[in-house]
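Novice: Here is what each chain is made of, one letter per residue.
Number of protein chains: 2
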Amino acid sequence: MTVKIDLPNNNSYDIFIEELKELYFDTKVVVVTNPTVSGFHLDYLKSKLDAKEFSIVTIPDGEEYKNMQTIDMILEHCFEHRLDRKSLLIAFGGGVIGDMTGFAASIYQRGINFVQIPTTLLSQVDASVGGKTGINNKFGKNLIGAFHQPQAVYIDPFMLKTLPKREFGAGVAEIVKMAVTFNKDFFEWLEQNDLNVEENVQIAIAKSVETKAYVVSQDEKEHGIRAALNYGHTFGHVVENETNYDTYLHGEAVGIGMMMANALAVKLGLMTSDEENRVKVLLEKYDIPTTYKIKDVEDFYEHFFLDKKSLDNKIKFILPIGIGDCKITDEVSKDDVIEILKGF
Amino acid sequence: MTVKIDLPNNNSYDIFIEELKELYFDTKVVVVTNPTVSGFHLDYLKSKLDAKEFSIVTIPDGEEYKNMQTIDMILEHCFEHRLDRKSLLIAFGGGVIGDMTGFAASIYQRGINFVQIPTTLLSQVDASVGGKTGINNKFGKNLIGAFHQPQAVYIDPFMLKTLPKREFGAGVAEIVKMAVTFNKDFFEWLEQNDLNVEENVQIAIAKSVETKAYVVSQDEKEHGIRAALNYGHTFGHVVENETNYDTYLHGEAVGIGMMMANALAVKLGLMTSDEENRVKVLLEKYDIPTTYKIKDVEDFYEHFFLDKKSLDNKIKFILPIGIGDCKITDEVSKDDVIEILKGF
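These protein sequences, in sequence, are chains A and B.
Residue 1 is where the first sequence starts when you use full-length UniProt numbering, and the numbers rise one by one after that.
Residue 1 is where the second sequence starts when you use full-length UniProt numbering, and the numbers rise one by one after that.
If you are wondering where the hints come from, they were derived from the structure by calculation, not from laboratory data.
Since the structure is predicted, the reported quantities are computational estimates derived from the model, not experimental observations.
Hints are not guaranteed to be accurate.
Where chains are identical, the list cannot tell them apart; a pair therefore holds if satisfied intra-copy or between any two copies.
[What the hints assert, rightly or not] Computed list of lysine-lysine pairs in PhoX-like fashion (alpha-carbon distance at most 25 Å, straight line):
#1 Lys316 x Lys138
#2 Lys86 x Lys316
#3 Lys52 x Lys314
#4 Lys207 x Lys165
#5 Lys267 x Lys295
#6 Lys327 x Lys342
#7 Lys52 x Lys334
Work out the full structure: start from the sequences and follow the hints.
Specialist: Next comes the structure, spelled out in C-alpha cells:
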C-alpha cells in the first residue's frame, strides 16, 4: 500500500509499505548505512537497486555517533565521489541513519535529494515521516538540524524479522503514542491484536504512518498540532539525556515519558487512572519500560528548559485527554510537575 | 529606499538602503560579528538596537575561518544563551559573517530567523540578497550550506567610510558583474560616474540589489537564470582555491574570473574585443586585478569539476553577450577553455 504525504512547496512524497520493489535512479547514489544493517540487509538492497553510479558509506552504529563528526564523514564521502546537485542519498537503517542522512543531504551543496529505506519498526512508523533531520550535541538531542523532506520512503516490513526484541518494543511505543493522542479505535485494536503477528504489524505501520502523515500535512513546521507528536518526548528526552543516551532506546524513553505525561494528565483530571493503566498494560505487553528512578527531581525539571519546545522559557506539555485525544499546554505549574516527578 | 524581495513560501523580505534606523526585536537576539567590524561599528549598532535580551558572539575575521568549527562556536553561544525557536541572529559584518550567520540560523533547532546588516560593499550588493548561506571545506568554497532567507536586510551605506580601498574595489567588481550580465544602461552609467562619490555608491547599491532581487525572484533555487549571477565565479572560485583563499578577496577573484569569461566570450564570438576592454578599464579604475598567472592550465581546468555548478561533470559557463546580456552554457569544448587559460 501507498500513503501520500501532501505538503506545500513541492515537498509531497509517497510512502510505500510493501516488499521492496526494484529501484532505479538516473543519478549518482550514495547509500548511508551501518555495519549491523548492512550485515543483515545490504545484499538484499543491492539486488533491488540500480543507479547511474553507486557507492556505500558505512557509519558507526549508535546514537552516540549522531554528531557533526559523522555528518562530516558522510559529506566527505560525497565530495570524494563528486556527487552533484542532482545526486541522491539513501538512508538505509534506523532513525539515527535517517536523521543524519537527511541532514547531510540538506546541507550538501545547499541541499540534495534523499530517499529513506527504514529498517527498524521505530523508523518505519515515525522517523520516516515528517522531514525532521538532525544530530545531537552536548546540549541535547536533535538540537542541530533542518526540515528536509525525503523524495520517497520505502518501508519493507519483512526487514523486521532480524530486529532485536527491544528495538521492536521501542517501535511499538511510538505506535502506542500515535493511538493515545489521536485514535481511540486504533488503541482498542492494539489492545486486541498481537503485533508479533506479521499481518498485524503491517496494519499498525500503515495506521501509524497515516496518522502521522495527516498531522504533518496539517502542520509541517510544527507551529501547532504537530507538537502533539511529542507526547512522551518532553519527559523522554530528559530521561535519555540524564542517562547519556546509552541506557534506553529512544522508543523506550518515550514509553517512560508517556507514563510521566499520563500521571500529570491524571493529576490534572484529563485522564482516569483506569485509562492510565490501560496504556501501561499495553506498553508492558511488549516489555517497554514504564518506570524510571529520578535521581534529582529539581535537576530533572531544569533539563526541560533546554528543550527546543520550550519557547519563552515555558515548557510545553502534551497531555492525553482520555484515550484518542490530547491537548498541548504550557500552563502547568511547576508544583504539579514536581509532584508527579516525585512519584517516579 | 526599500527594495522588496518577492519570494514564494512566505520567504519575502525587505532590503532597506538608508541610515540605520532604530530596531526593536521582541525576542532574544544574538549579534554575530568579528573584531574588525565591532571595533568600527558595534557602538553605533548598540545605540540603534533594542531587544528582549541581547548578546554578542565575536568570531575570527577572515575567509579561512569560514568553516564548521566557527559554526560550532556560534551555535554553542546560542545554546549557552538558551535561544529558542523564536530567537533571532543578526549578521553584522561582511559576506563571510552573513554566510555563516545564515547557515548557523538555518540549522539551529532546525531553523530560526536571521537579519543581515552588511558592512562591506560586497556584502551589501551581493551577499545580502538571495538566501545562499554556507561554509567552505577542503574541497572548495560554499560546498556545505543551505538556502535560508533573512527576515530583513539593513544596508547603511555610511558604514562604507571605514572600508579599506581593496575591499571597496571587491564590492565594485560585483556591481560590474551585475551590469555586464543584465543591464547595459547601468554599465554605461558606471563608466560615467565615480563610485567614490557617496550619492553614486548609494545609487549603485540600489541598482545592483534591484537587479539581483529581480533575478532571485525569478529563480530562488538556481535552476535557471540565477546561475548567471555566477558570471566570473566559475573561474574565480578556482583562482581563490589555488591561492588558498589568502591572496585575493572574493570580489577580486571574481574580477579576474570575469576577464577569463570575457576572453572565452570573445573567442566564441559573443563579445567584441572592444567590449572586453571596456570591462577591463572599468575594473582597473577601482584597482581590481584583471590578470592572474596560471601555474598549470590542466590542473586549473580539473578544478572546475568540484564546483557545485558542474552537473553531470559538465562545466557551466556564464558568458556575456556583448554588454548587458549573457548566456549560460555547458557546451564549451575543453580545447577552447584551455586555449584562453593559456593566455593568462
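Novice: My question is about Lys52 and Lys314: at a cut-off of 25 Å on alpha-carbon distance, are they close within one copy, between copies, both, or neither?
Specialist: Answer is between; shortest inter-copy Cα gap is 16 Å, intra-copy 50 Å.
Novice: Is it within a copy, between copies, both, or neither that the alpha carbon of Lys52 lies no farther than 25 Å from that of Lys334?
Specialist: between (57 Å within a copy, 24 Å between copies)
Novice: Have a look at Lys327 and Lys342 and pick one of within, between, both or neither, based on CA distance no larger than 25 Å.
Specialist: Within one copy only: 23 Å inside, 70 Å across.
Novice: As a check of your reading, is Lys267 near Lys295 (CA-CA no more than 25 Å) within one copy, between copies, both or neither?
Specialist: Cα proximity of Lys267 and Lys295: one copy only (22 Å, versus 76 Å across).
Novice: Checking an output row: Lys86 and Lys316, CA cutoff 25 Å. Within, between, both or neither?
Specialist: between (39 Å within a copy, 14 Å between copies)
Novice: Between Lys316 and Lys138, at a C-alpha cutoff of 25 Å, which is it: within one copy, between copies, both, or neither?
Specialist: within (22 Å within a copy, 42 Å between copies)
Novice: Is it within a copy, between copies, both, or neither that the alpha carbon of Lys207 lies no farther than 25 Å from that of Lys165?
Specialist: Within. Shortest intra-copy distance 21 Å satisfies the 25 Å Cα cut-off; inter-copy 64 Å does not.
Against the hints set out earlier in the document, no violation occurs for any number.
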